[in-house]
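A.B. asks: Protein chains in written order, with the numbering used here: chain A, 1 to 476; chain B, 1 to 476; chain C, 1 to 476; chain D, 1 to 476.
It is possible that some hints are incorrect.
The calculated DSS-like cross-link candidates involving lysine-lysine, where the alpha carbons are at most 27 angstroms apart (straight line), are [to be verified]: (1) K97(B) <-> K243(A); (2) K243(D) <-> K29(C); (3) K462(C) <-> K266(A); (4) K243(C) <-> K97(D); (5) K127(B) <-> K127(D).
Estimated spans, in silico, between C-beta atoms of each pair [claimed, not checked]: (6) G215(B) <-> G39(A): 48 to 54 angstroms; (7) G268(C) <-> R254(A): 54 to 60 angstroms; (8) E348(D) <-> A189(C): 55 to 61 angstroms; (9) H197(D) <-> R166(C): 30 to 36 angstroms; (10) G292(D) <-> T162(A): 57 to 63 angstroms; (11) G292(D) <-> H214(B): 54 to 60 angstroms; (12) G39(A) <-> R151(C): 55 to 61 angstroms; (13) P165(C) <-> P388(B): 26 to 32 angstroms; (14) A189(C) <-> P388(B): 20 to 26 angstroms; (15) R469(D) <-> F277(B): 38 to 44 angstroms; (16) G292(D) <-> D64(C): 48 to 54 angstroms; (17) R151(C) <-> K243(D): 35 to 41 angstroms.
Short derived list, chain A residues pointing at chain C, Cβ under 8 angstroms [unchecked claim]: (18) E414; (19) A415; (20) L419; (21) V447; (22) I448; (23) V457; (24) A460.
Derived by calculation from the structure, the hints in this document are not laboratory data.
These numbers come from a predicted model, not from an experiment.
Glycine residues also receive a C-beta, built at the ideal position from the N, C-alpha and C atoms.
Number of protein chains: 4
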Amino acid sequence: MPKVLLKEQKGDAPADAPFVMPAAPVALKIGYIGGGSRGWAHGLMKDLALCPWFTGEVRLYDIDYEAARLNERIGARIQSLPGTQSRWRYRAVRTLKEALAGADFVFLSIQPGPIEFMKHDLELPMKYGVYQPVGDTTGPGGLVRGLRSARIYKGFAEAVATHCPRAWVINFTNPMAICTRTLHEVFPAIKAFGCCHEVFGTQHMLGRLYAGEHGVPRPPRTDITVNVLGVNHFTWIDRAHYKGEDLLALVRTRLARPGALRFYTKAGLLKESSSVFHSMGRVTNELFHRFGILAAAGDRHLAEFVPWFLTSRTSCYRWGFRLTPYSYRIGRWRSAPRLFRRQLAGAEPIVLQRSDEEYMNQMAALAGLCTLRTNVNLPNRGQMGGIPLGPVVETNAVFSRDTVEPVVSGSLPEAVNALVHPHTVNQTLIVQGALEGDKDKAFAAFVIDPLNHRLPVDGAWKLFNEMLRATRFSFD
Amino acid sequence: MPKVLLKEQKGDAPADAPFVMPAAPVALKIGYIGGGSRGWAHGLMKDLALCPWFTGEVRLYDIDYEAARLNERIGARIQSLPGTQSRWRYRAVRTLKEALAGADFVFLSIQPGPIEFMKHDLELPMKYGVYQPVGDTTGPGGLVRGLRSARIYKGFAEAVATHCPRAWVINFTNPMAICTRTLHEVFPAIKAFGCCHEVFGTQHMLGRLYAGEHGVPRPPRTDITVNVLGVNHFTWIDRAHYKGEDLLALVRTRLARPGALRFYTKAGLLKESSSVFHSMGRVTNELFHRFGILAAAGDRHLAEFVPWFLTSRTSCYRWGFRLTPYSYRIGRWRSAPRLFRRQLAGAEPIVLQRSDEEYMNQMAALAGLCTLRTNVNLPNRGQMGGIPLGPVVETNAVFSRDTVEPVVSGSLPEAVNALVHPHTVNQTLIVQGALEGDKDKAFAAFVIDPLNHRLPVDGAWKLFNEMLRATRFSFD
Amino acid sequence: MPKVLLKEQKGDAPADAPFVMPAAPVALKIGYIGGGSRGWAHGLMKDLALCPWFTGEVRLYDIDYEAARLNERIGARIQSLPGTQSRWRYRAVRTLKEALAGADFVFLSIQPGPIEFMKHDLELPMKYGVYQPVGDTTGPGGLVRGLRSARIYKGFAEAVATHCPRAWVINFTNPMAICTRTLHEVFPAIKAFGCCHEVFGTQHMLGRLYAGEHGVPRPPRTDITVNVLGVNHFTWIDRAHYKGEDLLALVRTRLARPGALRFYTKAGLLKESSSVFHSMGRVTNELFHRFGILAAAGDRHLAEFVPWFLTSRTSCYRWGFRLTPYSYRIGRWRSAPRLFRRQLAGAEPIVLQRSDEEYMNQMAALAGLCTLRTNVNLPNRGQMGGIPLGPVVETNAVFSRDTVEPVVSGSLPEAVNALVHPHTVNQTLIVQGALEGDKDKAFAAFVIDPLNHRLPVDGAWKLFNEMLRATRFSFD
Amino acid sequence: MPKVLLKEQKGDAPADAPFVMPAAPVALKIGYIGGGSRGWAHGLMKDLALCPWFTGEVRLYDIDYEAARLNERIGARIQSLPGTQSRWRYRAVRTLKEALAGADFVFLSIQPGPIEFMKHDLELPMKYGVYQPVGDTTGPGGLVRGLRSARIYKGFAEAVATHCPRAWVINFTNPMAICTRTLHEVFPAIKAFGCCHEVFGTQHMLGRLYAGEHGVPRPPRTDITVNVLGVNHFTWIDRAHYKGEDLLALVRTRLARPGALRFYTKAGLLKESSSVFHSMGRVTNELFHRFGILAAAGDRHLAEFVPWFLTSRTSCYRWGFRLTPYSYRIGRWRSAPRLFRRQLAGAEPIVLQRSDEEYMNQMAALAGLCTLRTNVNLPNRGQMGGIPLGPVVETNAVFSRDTVEPVVSGSLPEAVNALVHPHTVNQTLIVQGALEGDKDKAFAAFVIDPLNHRLPVDGAWKLFNEMLRATRFSFD
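Same shape as in the complex, but just chain A:
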């Protein structure tokens, strides 16, 4: 029985206290690596400000010290807002060591290499007829970005081993699986996991489906019980329930309705939304239609893991999504600091509200305040069948005091597993290729990737080398 509920209880707590509100806020030291140049850090700052059971210090480290300084000032500003429920100190530091020493938690959220490299990740493949809506996870862009990231993450893993071996390390950088895998490969005792919100979007969708079906308000996503398995951004849900009702049956019903599998035109799609992130769920529907299981990530991500949706420059429109262009990325990148400065100057408001991210709950659980079942990215130690041990997979796990344990999540249907399996191999090949300086392994991943299946192997080799040169990656 929750301690906080029954104030009168005495003596030994009953066995069932799922959330212990601490007598005083728990003091934490957080090392925040990266995040200097975009707004993601500010979401964390607001979540911290609104959380009554934690307090402490965040040390901000970025290779661009001025960006860290800017965040320091924004953090202080957020703490000064009315409505904050906790006290946090933000401090920009000049070395990784200062950020990590003594940390309880380490947040990793970086841009691997200059933002301009994303231009090459996206546009060089286009020259060869390979189109990527996102390009940060898989496909030629994701894999070459993965090589860069693995190199950088090797350094992070070594620094954690040296400065804060018992800290919990939460990765937010893409490619999620490659980054998280590198941490575990380089420092096997690391307490690291990867955290991504894509599955939550699917839970929200399932909630809306339920709400629509029953004419009730949408249930909160955390009440939508799902079994998750796959790799990050190519995750799947094979069981979903809300109050005992089978939500996949609702998906099946929806799919049977007219239009669920219709095709879009460019004009029609743009009329639906002008956002470069928008999608119609058409890819998810097609995958469910063909394989009988629910893919749990955005269509733009899903489409990159299989060869069937990105068969031409314009095929994305038919399937109801767009390629997010580099021009958008660089525009947002450049405008972000301007926005932050305006916010600091009071020219733009800072809205204090919680995000839908899971890290605050994960931290509460790791601090011993509750027990949490949620999906994370962890090396496969048996939680997912059909995939060898070692590669980072995404399944549910249970978080409790200083402990994260993957739950046994079963196996994907054999056909779907055949789609996921090569990506786990590529994860291994990219990490080993980067760490061992083995170009053949990295190129093997490149040609195994389904998006590159459009290319003859010599064309793939040319593209691979062009991308390496443009992003200044060398295997020597």
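Position chains B, C and D relative to chain A; hints supplied.
C.D. replies: For chains B, C and D alone, kept in the frame of chain A given last:
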């Protein structure tokens, strides 16, 4: 953030509600099978009476209808006590079907066969020089009891499949692993697990150790985080922490103190305690000393799984425990109903207090009220390495709404796994032997069992047949 | 020591008799299924005629009885030739049962469906931009042919179970893996394996390489020791030796020479050879160059298992091979019987010589005359790592009296395994799709296949249905 | 077709040459380690002398140089006998390096430590009530001998790695599994296997059974096809055929006859035979009776792996075998050199005849002269299910030119596997215990061993230490 804490919150609940106090108590139907003749059922009745978030009906079924009737009256009496926090109706029924139809939960807590069979389970092996302190889990007594249980549990599994296939079935009967395995073998879609409190005793011990070391009150057992793996009553803990402190290091320190590994005499032991259940932790200490890992069950249970402690009728005294005699069992069995009648007549008080059992928390989690990490008995689906898939093992699991998922618990050290492994094989052989009517398989388990290693194989065959005859078990 | 060598030896034979020449030829009954319409059967007839240690009867069954009759007459003619070393009787039969009853060996060598279906297997995909040089193993043609074959082989497996359950069944039909798998799925106790000569071609190539390097005559292929693993037509050799010399090192040296990785033009290729089966080894070289391991099948086969060589109608020329057109297939099909009749009429000679096939050696070993290590197709029982148990794989095995046992062959390099793995899944999906009437499973295989990665999933669906209609395959 | 048979054949050899008699004898260098003090080496010398296809040099190394010298002289004498078919030179050397440098084959056949240590291996356990008929494989004697052996074999493995890394190493020393495992642990690239004749005895027995049943002469053992699996001296046969007849069915029939399961008295047994090695097959019969599968080693060995036959000093008589006493061992040890000297002096004849050992066939196969299927001891790479990868198991393997490959042999029945499994764990614990200097691991093996199950754990500890002291083994 717990919903109940922050009344002012609006709109979508935050993602982190670990315990949702329901607006009104959740109504449940419970089918209670067995428990007619001893006090275990009364503990459940009190736990139900003291739990504000449940209400409903318990249907009591026992092959001895009068015993169920007696429990019905005791249940009603408990509900009439001051201090109850919930409303429950108790109803004795005459058929298994009545108990199960529409049930949300089924409790299985039976005596497999007449209590008098325990005499044969314990005393026939003694004639052959095989001594068992408990005799209900493993060893000749446990295995023959397992044959009886598997036969009976086959009927339960079939009845659940027919009358309440979606109910959660919680087994409390020993041999725990064999009973739970039979349920899953016979009705593979069953939602059944086995529930045992032995590990809690080890958590309490670790808490006391911490308290003694630091001069603080004993922490509650649920704050002692442990990783559990093994088979029921031969479970092991390879990681134990409280507030970040490694408790196994404390065990190591304690072991190094003089006397930790001393031997006892019969007189010395009886001076320590007159209880037939008492033990000095000497077996646990020896196992830790030899294998560097903490066995997490009572010494009387542990000693039955290995051949080294029960080498003569009196060897138990040296190791600080006693053989619980049949005379004690039958005495308690006979006196229990007399006590209950006195309680009903008001000649003896009924003390309303909670037990330390886990089922109330498990039920709360399964009802969606919280998330719970605890140890249970479930078929191995990958949660435990070193053991084939299939046998029921005991590891941690996470309970959430209508879901129980084992967590990946790793593997035992190779030497300890060599001790556990044959018992998982015996589980299979006994269940298959009973269900397939295969006496050879059952006898193979008999001679694989380490306690029977004292016997030549022809002697084991004689004993086996004597026990079968005495307990009227036939493979035809 | 070979018994036959040392006539003087007495008493118990020494332990090392590797080949026992039987006192009298061993009498065999062979059921030959199919083979009615092309010359493959005649190779067997000649091999039998030239083998002094066997004699017996071959029953010829074909759904075209006249074709079987024609073979009967050719068999008799072959037996009448000078130089035959054994006596064989050929008999066309009208039912499968007559062919199988009492058989010691069953040969399966059929055309699955009318030859005209091959037109659809090859040419419908072309309409969609999917090009197949062979089209009988994998790719859209191979998979749809696989559906037909699985249906037919189900009948064979049932007939063997009924009429000759202890016979050895040797499959020669493509798709080899799907046909052999079906036999084992439908009648698990079947003694069946699949037999293919593609690896021998690689052994010959290695022999030539050695001969060229050392200026000696080419060693016989059976002296080229290789470790084989993969699936049929996508098999790999990771160790190859001749007299202790590492032959893969020679391949590496050859690859380093100028021109080894050059590209071809159509004109240049046709100048090399006018054969529609010709290839330059360029695909094999590329695969070795990229993955460091030797692919052991013809380039035309290999190119079908990966997406990189068949990226346009003409890309095959660059890679030094041609697409064998349907016109060639049907031409050869139609001319074959005319040739046979001319041979019977004496207008065309019959040349009595041995083939390079392995079946005679396999039969000798199964008859107990020798021990043979060779590559075959068998369900994976552990011989190949990295692939689940069940799918038919091609590795070495050891043949001895009435026994075929796969040898432990290890695992492919992870990258190569990622290429092979989906084809083992497709094998399962096609066999289950055909046997269970599950169109979704079959279509999953279709879109998993790398050659179909050029198609959007709706285009693949259209092609799939067109092919099914054209080849009159229904899942009902 | 065997080349040697058909002299007239021309051109490329056909694909089926199972035995190629070399044009000239193949020249070999053999390093023979140990064997200085007993007759086993002389059997090899005779086998070499009678083998026409090998010639060469044997370098004899023993820690007792004089013993090696004596063997050198005996080898020369054997070569001088009429009837030899080959030329061999024997040379005693003073260092391990001289014996190994340039060797094609290395024979390991040593006494691990002074022969007097066997007294302690056998007699100290007896003081504690633990009786061993052999004491060189398992049980307290076998395990402590294993510790000594692992230390010595570490040196052999390192020497092979240095002086002849490509040589084939054949181990004959017991404990076979521990010695062979150590070689592979210390030098993973070693080409080593273990060779034992126990299974041959079972093949002979099966041959006699067939002969008796059919009134024909006993077939040679190599024609008795068996599937072998288990660990050395605790190997099992689950399939046995001769000319298609199921020989295990004959065993079953024999068991059903009166007397097959009768018990013996000491007097009755001694009347059967005075040999200390004699046994009645009673243990084998009992195991078959209980588990339905044929144990394939002598009863004296088998009885040591399970706890049921050696329950008292005299229980062996009931089961029809004797404990071979140390007095016999030391007697034979002392008399052997005297015999050899008498043979050299011509006072005692040397009989030139072949042994029934398999090494000559294995060497012929490894030299490329034939293909051989036989049982050997190799690390489990997947050939045996139910046992982890790594431990040395005994299964069939196929020998061919410079290649030994285990064949996939399946799994033991679950109950029998439960008996074998702990011995594979003990193998690991003893090897690691010796190599890592970890006494706890070694003692874990000691108490896991079924023969020691008679002892309380503190008694086992005392015995263990007494044995270590007596055999001067230290973990420091």
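A.B. asks: Against each hint, give a clear statement of whether it holds in the structure.
C.D. replies: Hints, one by one, checked against the model:
Of the pairs offered as hints, the one joining K97(B) and K243(A) holds, with about 26 angstroms between alpha carbons and a cut-off of 27 angstroms not exceeded. A hinted pair counts as satisfied when its Cα atoms are at most 27 angstroms apart, and K243(D) with K29(C) qualifies at roughly 17 angstroms. A C-alpha spacing of about 23 angstroms is found between K462(C) and K266(A), which places the hinted pair at or below 27 angstroms, so the restraint holds. At roughly 26 angstroms between alpha-carbon atoms, K243(C) and K97(D) fall within 27 angstroms of each other, so this suggested pair holds.
Restraint check for K127(B) and K127(D): the C-alpha separation of about 26 angstroms stays at or below 27 angstroms, so the hint holds. Evaluation of the 48 to 54 angstroms hint for G215(B) and G39(A) yields a pass: the beta carbon distance comes to about 49 angstroms. The beta-carbon spacing between G268(C) and R254(A), approximately 56 angstroms, falls within the hinted interval of 54 to 60 angstroms. Between E348(D) and A189(C) the C-beta distance comes to about 57 angstroms, which sits within the given range of 55 to 61 angstroms.
Distance hint check: the CB atoms of H197(D) and R166(C) are about 32 angstroms apart, consistent with the given range 30 to 36 angstroms. Separation of G292(D) from T162(A) is about 60 angstroms and conforms to the stated range, judged on CB atoms against 57 to 63 angstroms. Taken as a hint, the range 54 to 60 angstroms holds for the pair G292(D) and H214(B), whose Cβ atoms sit roughly 58 angstroms apart. Checked against the hint of 55 to 61 angstroms, the C-beta distance between G39(A) and R151(C) comes to roughly 59 angstroms, which is consistent with it.
Between P165(C) and P388(B) the C-beta distance comes to about 31 angstroms, which sits within the given range of 26 to 32 angstroms. Under the hint 20 to 26 angstroms, the C-beta atoms of A189(C) and P388(B), about 24 angstroms apart, fit the expected range. Between R469(D) and F277(B), the C-beta spacing of about 41 angstroms keeps the proposed range 38 to 44 angstroms intact. Remark: the range hint 48 to 54 angstroms for G292(D) to D64(C) is upheld by a beta-carbon distance near 49 angstroms.
Range check, R151(C) to K243(D): about 38 angstroms between beta-carbon atoms, so the 35 to 41 angstroms window is met. Against a cut-off of 8 angstroms between C-beta atoms, the interface hint on E414(A) holds, since the closest Cβ of chain C lies about 6 angstroms away. For A415(A), the interface hint holds, since its Cβ comes within 8 angstroms of a Cβ in chain C; the closest pair sits about 4 angstroms apart. Using the Cβ-Cβ criterion of 8 angstroms, the hint placing L419(A) at the interface with chain C is satisfied: the shortest such distance is roughly 7 angstroms.
Satisfaction of the interface hint for V447(A) is found here, the shortest Cβ-Cβ separation to chain C being roughly 6 angstroms, below the 8 angstroms cut-off. Checking I448(A) against chain C: minimum C-beta separation of about 5 angstroms stays under 8 angstroms; hint holds. Given the 8 angstroms rule on beta carbons, the hint for V457(A) holds: about 4 angstroms separates it from the nearest Cβ of chain C. The restraint placing A460(A) at the interface with chain C holds, with a minimum CB-CB distance near 7 angstroms, inside the 8 angstroms limit.
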